[in-house]
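Chemist: Which chain is which? The protein sequence lines are D and R, in order. The working numbering applies: residue 648 is where the first sequence begins, and numbers increase by one. The working numbering applies: residue 160 is where the second sequence begins, and numbers increase by one.
Do not rely on the hints blindly, as some may be mistaken.
To be verified - Example chain R residues on the side facing chain D (calculated, C-beta under 10 Å, incomplete):
id: 1; residue: Ala207
id: 2; residue: Ile210
id: 3; residue: Leu220
id: 4; residue: Ser221
id: 5; residue: Val222
id: 6; residue: Ser224
id: 7; residue: Ser227
id: 8; residue: Ala228
id: 9; residue: Leu230
id: 10; residue: Thr249
id: 11; residue: Val253
id: 12; residue: His257
Derived by calculation from the structure, the hints in this document are not laboratory data. Treat the numbers as computed from the prediction; the structure is a model and nothing was measured. Cβ coordinates follow ideal geometry from the N, Cα and C atoms, glycine included.
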Amino acid sequence: MPDADRQRERTTTGARGSEASRKADHAGIGRLTDELLPALIAKLGTTQLGELEVREGEWQVRLRRPFGTTAGEGRRASDKPSRSQPGHEGHGHGRAAPEGTRGSKAGAGAAARGGGSTNGTGARDELERSRSIATSPAVGIFTPGSRAASGTRIRAGDSLGSVNVLGVPQDVLSPVDGIVGSTLVEAGTAVEYGQELIRIELALPAADPADAR
Amino acid sequence: MFRRILIANRGEIALRVLRACRTLGVEAVVAYSEADRDSLPAQLADEAICIGPPDARRSYLSVPSVISAALITGCDAIHPGYGFLSEDETFAEVVRAHDLTFIGPPPEVLDRFASKEGTRRLLGGFGLPTIPGSPMITDDQHALDEADRIGYPVLIKPSAGGGGKGMRMVRTSRELESAIKICRSEAKSAFGDDSLYLEKWLDDNRHVEVQVAVDRYGAGVHLGERDCSVQRRHQKILEESPTPALSAEARASLAETAIRAVVAAGYENIGTLEFLVDGAGNAFFIEINCRIQVEHPVTEMLTGIDLVALQIRIAAGEPLGLRQSDVVLRGHAIEFRINAEDPAHDFRPGAGVIEQYHAPGGPGIRMDSHLYPGYEVPPYYDSLLGKLIVWGPDRETAIARSRSALEELLVDGVTTNVEIHRALLENETFLEGRMTTNLLDRVGSAAFLAAAAAGAR
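Could you put the whole structure together from the sequences, leaning on the hints where they help?
Modeler: Structure, rendered in structure tokens:
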């Protein structure tokens, strides 16, 4: 897993007035980056966890996967298998870094989701990190709901529409709190299980200037 | 003929059906679960569509998902492969209700042959000798009464499914009482159906099955028989044809009796009639399988007939186009099921990434497998990695070619059961063609392997 896929957050607590405590802080930061973080990243990579938090003294470190890529979600759901020869891309191809290189029904969506490793500008990464995507719960015909209008403020678990499976509608649920962004698939389109349907911009706490971009 | 077929299965059989579609000039859509996204059939298909998560109940066994997938991809027929929904008459009915064709027998035919006990009576009425058995067991007392009537030993069998799950042989009423509970829970978890019945158990029996094909207009042929006596806990691991258990006359007579009975009973499409054969060469009908079977290539090697293409053509309403005299059985074929199982650890199923894969070649060698280097064998489904099928003009040549092919076969990354096949090819009982269904279980597979290793030294 590329490290760029993970968001690192650092928060500090306590007063840091004196020179001595600043030095201690710097030493702390050094130790965190050199020892603790690589270990934690490795740890997170081996688990199904979406988030990992460790406290030590006055420091706390929280690692979080980009939204929507936790616990085996169908990241490449809209990424249709191509007719290229098997094994061509080597094993596990595309799993770690989804790239919009394969023929795809929702190609734009897949390409836009491409990891930081391909379109590595920092601003782009930030943008990607602050987004999540509601995916299809089933194979059928997609109908956006009233709360799927761009700009609507929603909560995790809200229904954004439905996928009709032989006459039975199944809710498309928002995985996170946020604001509805663009809808990637038109109403009435046939969609497969796990296909990316609606972007959700995360509602970020305005108090955190580092993430407010 | 169909225009576009949805393949509602995975692994080697999805690939096999895909190849038949290509041959017939029919487009193929592969329905896959998230665990099979990178699988060979999904990659080679004209279109592939994800129908659900790895859990088969929410993907390959989900009737609404499979049918919805067929409708939105514009298919006009569904091929169920084997296992999963292949013998589910309710599924076949729902398929038809959506103006799609189920590739297999039509729903009313599946329904007629759905009860194993009813099928035994039906075909018995048309001249097939059948194994004594019970109707569906209602409770423990009923089971004990039926077992007394049939006479021990008896085999407890689940009404649904196959593959040896929920099956136990018992010799006493006491064993029956304890085993029936285990069978019930195994059948419940494997097939979602815990109905059981009893069948007379023949010690030292052989398992012989007859392949048939019948069209919608009542024309039918048999395509010879297969011997599936090499089993481990009621699960076939090696099949061959012709069976060494019967003379040429006895084989022909069995196959002719079988095709006459199923045509008379109104069967349609391809199917397999399974028989137990006792030491004296008497065959008793046990059940019919209304689907393409894992071991169908054995028959294809002998007849040169593409059974999957034939199955599709019959489902599309085409006449059989074959008379019995057109079916010529040539030579001898053996199929080895290559499973991701560890013989050293009680055949524990394995999963993992295939690091190296090489399929053997040469005259008479065929490998049906969905493996490729880098392929990740998922842990969620059955352990079949592929089938090595070897043909020779006679059994000796087929065995010699098999030894060479098994040496050549390379599957690196997961543990396979190839060792047990190599051991079989050194086993005197097998080489003499005297194997019975308890060949492996009688001594235990570990002891069997050890004995083979000692013999080879």
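Chemist: Would you mind marking each hint as holding or not holding in the structure?
Modeler: How the hints compare with the structure:
Because the smallest distance between the Cβ of Ala207(R) and any Cβ of chain D comes to about 5 Å, under 10 Å, the interface hint for this residue holds. A hinted interface residue such as Ile210(R) counts as satisfied when its beta carbon comes closer than 10 Å to some beta carbon of chain D; here the least separation is about 5 Å, so the hint holds. Taking 10 Å as the C-beta cut-off, the interface hint given for Leu220(R) is violated, the closest approach to chain D being about 14 Å. Among the interface hints, the one on Ser221(R) holds; its C-beta lies about 9 Å from the nearest C-beta in chain D, closer than the 10 Å criterion.
About 9 Å separates the beta-carbon of Val222(R) from the nearest beta-carbon of chain D, less than 10 Å, and the hint is met. Restraint check, Ser224(R) versus chain D: the minimum CB separation of about 5 Å is within 10 Å; hint holds. A least Cβ separation of about 5 Å between Ser227(R) and chain D falls short of the 10 Å threshold, and the interface hint therefore holds. A cut of 10 Å between beta carbons decides the hint on Ala228(R): the least distance to chain D is about 5 Å, and the hint holds.
A distance limit of 10 Å between C-beta atoms decides the matter here; for Leu230(R) the minimum to chain D is near 8 Å, and the interface restraint holds. Hint on Thr249(R) is violated. Least Cβ distance to chain D is approximately 14 Å, over the 10 Å limit. Interface restraint check: Val253(R) against chain D, minimum CB-CB distance 9 Å, threshold 10 Å, status holds. With its C-beta approaching chain D no nearer than about 8 Å, His257(R) sits inside the 10 Å limit, and its interface hint holds.
Comparing the model with each earlier hint shows violations of hints 3, 10; every other hint is respected.
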